[in-house]
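Chains as they are written, first to last, in this note's numbering: chain A, 1 to 225; chain B, 1001 to 1299.
Mixed in with the good hints, there may be bad ones.
Derived DSSO-like pairs: lysine-lysine, alpha-carbon spacing no greater than 27 Å straight-line [what the hints assert, rightly or not]:
1) A:K89 with B:K1206
2) A:K185 with A:K89
3) B:K1246 with A:K73
4) A:K111 with B:K1206
5) B:K1206 with A:K27
6) B:K1206 with A:K94
7) A:K56 with B:K1206
8) A:K64 with B:K1206
9) A:K111 with A:K130
10) B:K1206 with A:K109
Now the stretches of chain A that chain B is said to cover, found in silico as 3 or more residues with beta-carbon under 8 Å [unchecked claim]:
11) 91-103
12) 142-148
Because the hints were derived from the structure by calculation, they are not lab data. Only a predicted model underlies this, so the values are computations on that prediction, with no experimental measurement involved. The beta carbon of each residue, even a glycine, is placed where N, CA and C say it ideally should be.
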Amino acid sequence: MIRVDNVTKVYNGDVVALRDASFDIPKGEFVFLVGASGSGKSTLLRLLNRQETPEKGDVWVAGKNINDLAGYKVPYLRRNIGNIFQDYKLLTNKTVFENVAFALEVIGKPKHVIRQQVPAILELVGLAGKQDRFPHQLSGGEQQRVSIARAFVNRPLILLADEPTGNLDPTTGEGIMRLLDRINKTGTTVVMATHDRTIVNMMRRRVIELDRGIIVRDQARGVYG
Amino acid sequence: MLSRIGYVLRETGASLRRNLTLTLATLLTVLVALSLVGLSILIQRGMSNQLVRWEGGVEISIFMNPTASADQIDKVRRDLEENQFVRRSTYVDKAGAAEEVRQLFPRTPEILEAVTEADLPTSFRVVPTSTDQTLVSTLVARFQRAPGVMAVYSANEVIDFLRNVSSYLNWALALAVVLGLGAVLLIWNTIRTAMFARRREIEVMKLVGATNWFIRWPFMLEGMILGFLGASLASAAMWGFNQLWKSRVIDEAARTNLFLDQLQATPAQVNATVLILLVVGTVAGAVASAIAATRFLDV
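Please construct the entire structure, taking both the sequences and the accompanying hints into account.
Structure, rendered in structure tokens:
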């Protein structure tokens, strides 16, 4: 599903964010990216949905080398990749329903599809009955669930999560992880960057550890380290 | 598709309302710039219409003394016929002169009672072969000295004056171009501001895979609406000015029989100018906003 091949990413000509990184992620796998701040986790995620392009090496997603992708095709790549973030990136002037519907609306899905899919996904993430709330009326965990609903409503092949539990207390974080686990069990590949030792140790999934841009560990059923 | 159109219209409307002051400033600048363009075009059209009329009509009038003898009149007539620079000439006799006076002062027929036909000067209306100024001046000088001639008038100075004024209009057009540039920059800035206000939405749109065109459309439409609305206002202003000009100047001039009846644009020319303004306004708005949107999206 994802293949990273000798990828080097340099910012501003001298800041090496990633050096010679290589790994394969098969379809349906759940992978943690761990490492200190600035070790290159976020850069790796940004390379996977082509928010960045590498200086060297190739990134393959769903059988395509996305570095060669023409600019106008990038949106169609991104429709196969859901994104969630530490700060949720919800639109504060829209309700829960509108936030999720927005993701379908802007890729041209018709109204009747939106009316059907949005309540279904809100049910899945455990927000049934809260669709008319605004983000500020929700707890952090609920806001992250909205963001997951938005990322997953289009049933993407891949879900990229950048520290999704970073702003949440441990119990709420666990709830989010159970949700991501359920999504992973539907066959969606999940790549999650995290600092959260407890969660990594609890889940026992593949762990890729980065240290100053270099992959120092790639371990199946690993722990935080 | 319908939901897309709905989305675009909704977003555009919201954005125009959100930046009301900037929207108004932009509209006013577009209005002023395009009004200047429109008026310059109309005035130029009017002047050239009048010039065509004048240049094709009477150029020189030779007024004979009321007391001129038949021999003197005949001599002038023969000279005119033989002169190679005269295309044609007509003679207006005393009856014709009286008729002209009646036309000239339709509301004061008592003037004709004060003067008898015998007092009125007869005249020749002369069309020279060219409107070249030196040629016309030579002809004027020549017939001024002929016996029995009271006075010679030519429209040449007026025509030159009009041509002169006409060339100054290019300055007005240059000013309009500068203002137009200002309008384009304002539209550009309005769109940039609108996009900045919605940068979080744009970020989400890009992440979930909205195409750049989808993101760009509402902003381009906003720019086009600004340009189109400004051009519509400019067209209305221009049309109003044209009506005023016709009723206050042209019709008034016709009453006093100043020969200015063609110093106006024809309705077809007015329509064409409106079309030009609308197209220029809309295209400028679209281009300015497309550039702004593209620069913002590619960062």
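Holds or violated: are the alpha carbons of A:K111 and B:K1206 at most 27 Å from each other? holds (20 Å)
Given hint A:K109 paired with B:K1206 - CA-CA distance at most 27 Å: holds (16 Å)
Are three or more residues of the region 142-148 of chain A within 8 Å, CB to CB, of chain B? Violated, because only 0 residues of the region 142-148 of chain A bring their Cβ atoms closer than 8 Å to Cβ atoms of chain B.
Pair hint B:K1206 and A:K27, alpha-carbon separation not exceeding 27 Å: This hinted pair holds, its Cα atoms lying about 24 Å apart.
Against the 27 Å threshold, does the CA-CA distance of A:K64 and B:K1206 hold or violate the hint? Roughly 20 Å separates the two Cα atoms, so the pair holds.
Regarding the pair B:K1246 and A:K73, is the alpha-carbon distance no greater than 27 Å? violated (58 Å)
Is A:K111 close enough to A:K130, meaning Cα to Cα at most 27 Å? holds (20 Å)
Quickly compare the C-alpha distance for A:K89 and B:K1206 to 27 Å and report which way the hint goes. It holds: about 12 Å lies between the C-alpha atoms, which stays within 27 Å.
Given the hinted pair A:K185 and A:K89, is their Cα-Cα distance within 27 Å? Distance of about 25 Å is within 27 Å: holds.
What's the verdict on A:K56 and B:K1206, does the C-alpha distance respect the 27 Å limit or exceed it? holds (25 Å)
Restraint status (C-alpha distance of B:K1206 to A:K94 at most 27 Å): holds (17 Å)
Are there three or more residues in the region 91-103 of chain A whose C-beta lies within less than 8 Å of some C-beta in chain B? holds (count 3)
Violated hints, listed in ascending order, are 3, 12; each of the other numbered hints is respected by the structure.
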